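Going down the list, the protein sequences come from chains Y and U. Take 0 as the starting number for the first sequence in numbering that gives the first Met the number 0 and just add one per residue. Take 0 as the starting number for the second sequence in numbering that gives the first Met the number 0 and just add one per residue.
Quick caveat, the hints were computed from the structure, so don't treat them as lab data. Keep in mind it's a predicted model, so treat the numbers as computed, not measured. Any given hint could turn out to be false.
[To be verified] FRET-style restraints, in silico, Cβ to Cβ: (1) Y:Arg375 - U:Thr11: 27 to 35 Å; (2) Y:Asp417 - U:Ala187: 21 to 29 Å; (3) Y:Ser20 - U:Phe38: 35 to 43 Å.
Every residue, glycine too, gets a C-beta built ideally from N, C-alpha and C.
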Amino acid sequence: MSDTSQPLYAAREPVFPRRVSGRFRTLKWWILGITLGIYYLTPWLRWDRGPNLPDQAVLVDLAGRRFYFFWIEIWPHEFYFVAGLLIMAGLGLFLFTSALGRVWCGYTCPQTVWTDLYMLVERWVEGDRNARIRLHNAKLDARKIRLRLTKWALWLLIGLATGGAWVFYFADAPTLLRELVTFSAHPVAYMTIAILTATTFIFGGFMREQVCIYMCPWPRIQGAMMDPDTLTVGYRNWRGEPRAKGKRRREMSAEAERIAAEQAEAGRGRPAYRSTPYPGAAPLDLDAPDMQVQAGPGDCIDCMACVNVCPMGIDIRNGQQMECITCALCIDACDEVMEKIGKPRGLIDYLALSDEGRERAGEKPRPVWRHVFRTRTLLYTAAWSLIGLILVYGLFIRAEIDLTVAPVRNPTFVTLADGSIRNTYDIRLRNKHGDDRPFRLSVKGHPTFRIELEGTVFETVDVNANETKLQRVYVIAPPNAEPSEADITALRFWVEDLTNGERAYKDSTFNGQGG
Amino acid sequence: MSEEDKRLDEETGQYTTGHKYDGIEELNTPLPRWWLWTFYATIVWGVAYTIAYPAWPLVSGATAGVLGYSTRAVVAEDIVEHEAKNAALVEELTGTELASIDPSSDLHRYAVARGGAVFRAQCSQCHGSGAAGAVGYPNLLDNAWLWGGTVDEIAYTVQHGIRNENDPDARWSEMPAFGEILTSEEIAMLVSHVQALPAGAGGDAETLFLDNCASCHGDNGEGMPELGAPNISDAIWLYGGDEAALTETITNARFGVMPAWGQRLSDADVRAVSIYVHALGGGE
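In isolation and in its complexed conformation, chain Y is listed as follows:
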């Protein structure tokens, strides 16, 4: 029974992806450069907002509870904008996944992008696949130590830059950088940098595919957005199988030629190409009269190029699998080989599994747009656009003047010495501008209402730039007036920005003695 005693825990199998070049590799280099460029450079963009506001284009000011994004400034009570953007990001991810499979994983996921960058460094220091395998197996000598330390040092520098860039989103970047290098920055900044440096170093350098396979929930969820029309990286096994190389391939070719000659003698055409069934496909009826299985080899010469370049260490020829991040490097690798042996490209390619039947029957696959524009993707697009439109609408109707009115209900009203009835309201006024501004408050609802502001004989409130001011406001109705005797009277507070004349209102109620 010794052959069944498989361990319960498996050690990581090291992966040594080979260098590859091609259209997808080039695309990935561009995306890597652009996404990392956006990440590292965004905090350094400046945006003039006036004297009292920060001039950083993108800034998450946690202490001041503000989020600045170019011309948009989000206050805590407008956090639904952030929630909306997150929902849009989620729906966008669903849309892309249903159309193009795990395109997020393969091209833009930070884990993939930084791993790609780390592998570039690794290749530059230690050489390509074969050299790295040799180094991995070599005894620990001076050269190995030197190469490893060089690689780790470069990785750490990248990790440091990554963690370093992160903190710049939360404070004024030039000021923070000055503080960081003079060791006067807040400990939280150093802690954050240290943690992110460590995670980048470990996840990008050592964990790599383990993060995708064992830690990330997305590979487990993404299948729900995919269907047979999704364009994903796949192997045309109906074209590639039976795979063969070397002597066996030559023998199979000879056999195929012989059968073809026999068929020709018997007055029949060359046998149609048929292959072994794809895993999961309906089994082919090999005894059917029109089913003449070709004895010749498929296009796959079993060179293992697709496996050698795979950063996940899998074989795409085994079909769809959870480990595949659809980075498309196997496509580049296979295309290179197909070109060398004079076969058409695309043995491994972006394809929709629903086209398999057509392709097996020798027909052309359906055009890409037929796969991309289908009910599922259109629904995702509609939902995504709807949320986007609501957010844009919300952004435009956002009041320039923001006020909230909280009636003080402890007690509901106060009787004054002369018998007047007084209600109290806590009014919060937000000044979203970069300069201090006066606001005038007034009340409408009943002609006898009189407004008084705590702490001042005037009816104007000065609110500092970019601040909220809490002002206690009294509304007084004279004795025996209608609102004093009634249970509840509706009223409306008006506020006017005296700088630009803009007005806004909030409704509330006045409690009288009745009821």
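Once you've looked at the hints, dock chain U against the given chain Y.
Chain U only, in chain Y's frame:
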């Protein structure tokens, strides 16, 4: 589970673990070893944590932890830090003439916030959390004041209290119990006169009022804050303005008391709560 039940499952090409329930077998998909080590690391961390920090409950109290961490100590430190940050404001608060503090200043805002905390802890038991008072406990929101409603008068009242024997400077006034002086008919006349103020009932009732009450409450019942004599011609009654309540008040007199808070609170707290009360809407 047994070793014998382990087998190679041909359908999947995976081995089984040997777990078998009602003919259902469990496949062995090996977990990454680093995951196992992470699990062990959390156990080590957990044990180390309970040694380093307070954790294990004992008969009285709990283990203190070798790092000597205590949330109480942290709070105490926070309070000290907080007080250090506000030291300048406190100094300004105790050193400034109360009436001269600008209501729009940071100092005033600080005093209101601090005074609100003092009020909720010390004053709300009698005056109510919203300061609306109750029968016998003055409403601090309105503009009627027994002893004056300027911030300095309020501060004096808070500092020394009312009718308490612990502070020689306490506010003190004492209305006679007129049940021992006047007949019940005369008291009934006074009640109808007081209810009709400021116009009054006129005639004998007014004569009775001028003879017995006006020396403190004024000819028209407007009161005298210097003596703590309330205005009895306005809409506000501490013990109620109906006939029964007024008859009781005149017959037996009423005396509210208030502690001298200057003996219990810091100077800054007394000043802060005075500013808070003054800013409740009725301050003069």
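Against the structure, the hints come out as follows:
no. : hint                            : result
1   : Y:Arg375 - U:Thr11: 27 to 35 Å  : holds, 30 Å
2   : Y:Asp417 - U:Ala187: 21 to 29 Å : holds, 27 Å
3   : Y:Ser20 - U:Phe38: 35 to 43 Å   : holds, 42 Å
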